[in-house]
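If you read the protein sequences in the order shown, they are chains B and D. Using the working numbering, the first residue of the first sequence is number 104, and each one after it goes up by one. Using the working numbering, the first residue of the second sequence is number -1, and each one after it goes up by one.
Simulated from the structure, these hints should not be mistaken for lab results. The structure presented is a predicted model; accordingly, all values stated were derived computationally and were not measured. Careful: at least some of the hints might be erroneous.
To be verified - As a list, the in silico SDA-like pairs of lysine to any residue whose alpha-carbon atoms are at most 25 Å apart:
| # | chain 1 | residue 1 | chain 2 | residue 2 |
| --- | --- | --- | --- | --- |
| 1 | D | K14 | B | A114 |
| 2 | B | K106 | B | D122 |
| 3 | B | K126 | D | M84 |
| 4 | B | K121 | D | D82 |
| 5 | D | K14 | B | V204 |
| 6 | B | K121 | D | K128 |
| 7 | B | K121 | D | S70 |
| 8 | D | K128 | D | A18 |
| 9 | D | K152 | B | A189 |
| 10 | B | K126 | D | M76 |
| 11 | B | K138 | B | P159 |
| 12 | B | K138 | D | K152 |
| 13 | B | K121 | D | A18 |
| 14 | D | K36 | D | T155 |
| 15 | D | K14 | B | M118 |
| 16 | B | K143 | B | Q188 |
| 17 | B | K121 | D | K36 |
| 18 | B | K121 | D | V118 |
| 19 | B | K126 | D | P77 |
| 20 | B | K138 | D | T114 |
| 21 | B | K121 | D | M74 |
| 22 | B | K126 | D | V78 |
| 23 | B | K121 | D | I86 |
| 24 | B | K143 | D | L138 |
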Amino acid sequence: MAKILIVDDAAFMRMMLKDILSKQGHEVIEAENGKDAVEKYKANTPDLVTMDITMPEMDGIQALKAIKAGYANAKVIMCSAMGQQAMVIEAIQSGAKDFIVKPFQADRVVEAVSKVLSA
Amino acid sequence: MEFDVNVINPFLASAKRTTAMVAQIDLSIGKPYIRELKFDNEFVRIILGVTGAMTGQVIISMPEGKARDIASRMMMGMPVETLDDMAISAISELGNMIMGTAATILSENGVIIDITPPVVELGTVYMNMKSFQNVCVPLLLDNEVYMELNIIVKVKTDTE
């Protein structure tokens, strides 16, 4: 299965996402802010990233841009409570493959992940 | 008492929707009142800053027992005896989701705000924010206060 980097400043949200993705057989790595995410991406080159937006130490949009700058083929799914249209558009234009708005159902995450991985 | 329902309602709608989704509870909205910014030990506070078209803070205050209850519900019924790091993280995320959903609702009316990462606070405090008015709205479950939304925001006008 895939190696997935979960980026979220809330330990609770990382735990929930890890639970959902581990049950699908994926290997999970965690990062707790954008800066940490860019470093962990370089060190681990995961198959997929789930990226929160509102985080201290570099937000998710900046981290997305930084990852895409170095790795054009990086697959990133945004996973944020901020679902404003302008935010979604900025993320997609910056290279995100999908945008999951919190709160979410587990099925939404599973579907998005398998769709992006198989693309 | 004076406040704008267009400012208050998106936060209330969001709190109801978010708690229904993450904790499967149906909160009813109580009567809003102007409240002094003084909190004691019995209430846990989740504090989030608001910037953009509105400025200020929203403080979600919850009786300690209710904060443990919702953290437990969010973690699929895992018992929460004390507000440990994971429970605090769960209620922080609850605050983040309530505010994020409110920001989305506001954006549908052309009001664009951003929020700051949540801070959880315990203990007794008195906050001096004299130029702001706090509109406090209780959210009830079985006629008991489950959560209060303290909405301490100003809408930016063109002259500012």
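Hints, one by one, checked against the model:
no.: 1; hint: D:K14 x B:A114; verdict: holds (24 Å)
no.: 2; hint: B:K106 x B:D122; verdict: holds (14 Å)
no.: 3; hint: B:K126 x D:M84; verdict: holds (20 Å)
no.: 4; hint: B:K121 x D:D82; verdict: holds (19 Å)
no.: 5; hint: D:K14 x B:V204; verdict: holds (16 Å)
no.: 6; hint: B:K121 x D:K128; verdict: violated (44 Å)
no.: 7; hint: B:K121 x D:S70; verdict: holds (18 Å)
no.: 8; hint: D:K128 x D:A18; verdict: violated (34 Å)
no.: 9; hint: D:K152 x B:A189; verdict: holds (22 Å)
no.: 10; hint: B:K126 x D:M76; verdict: holds (18 Å)
no.: 11; hint: B:K138 x B:P159; verdict: holds (9 Å)
no.: 12; hint: B:K138 x D:K152; verdict: violated (32 Å)
no.: 13; hint: B:K121 x D:A18; verdict: holds (23 Å)
no.: 14; hint: D:K36 x D:T155; verdict: violated (28 Å)
no.: 15; hint: D:K14 x B:M118; verdict: holds (24 Å)
no.: 16; hint: B:K143 x B:Q188; verdict: violated (29 Å)
no.: 17; hint: B:K121 x D:K36; verdict: violated (38 Å)
no.: 18; hint: B:K121 x D:V118; verdict: holds (23 Å)
no.: 19; hint: B:K126 x D:P77; verdict: holds (22 Å)
no.: 20; hint: B:K138 x D:T114; verdict: holds (17 Å)
no.: 21; hint: B:K121 x D:M74; verdict: holds (14 Å)
no.: 22; hint: B:K126 x D:V78; verdict: holds (23 Å)
no.: 23; hint: B:K121 x D:I86; verdict: holds (18 Å)
no.: 24; hint: B:K143 x D:L138; verdict: violated (43 Å)
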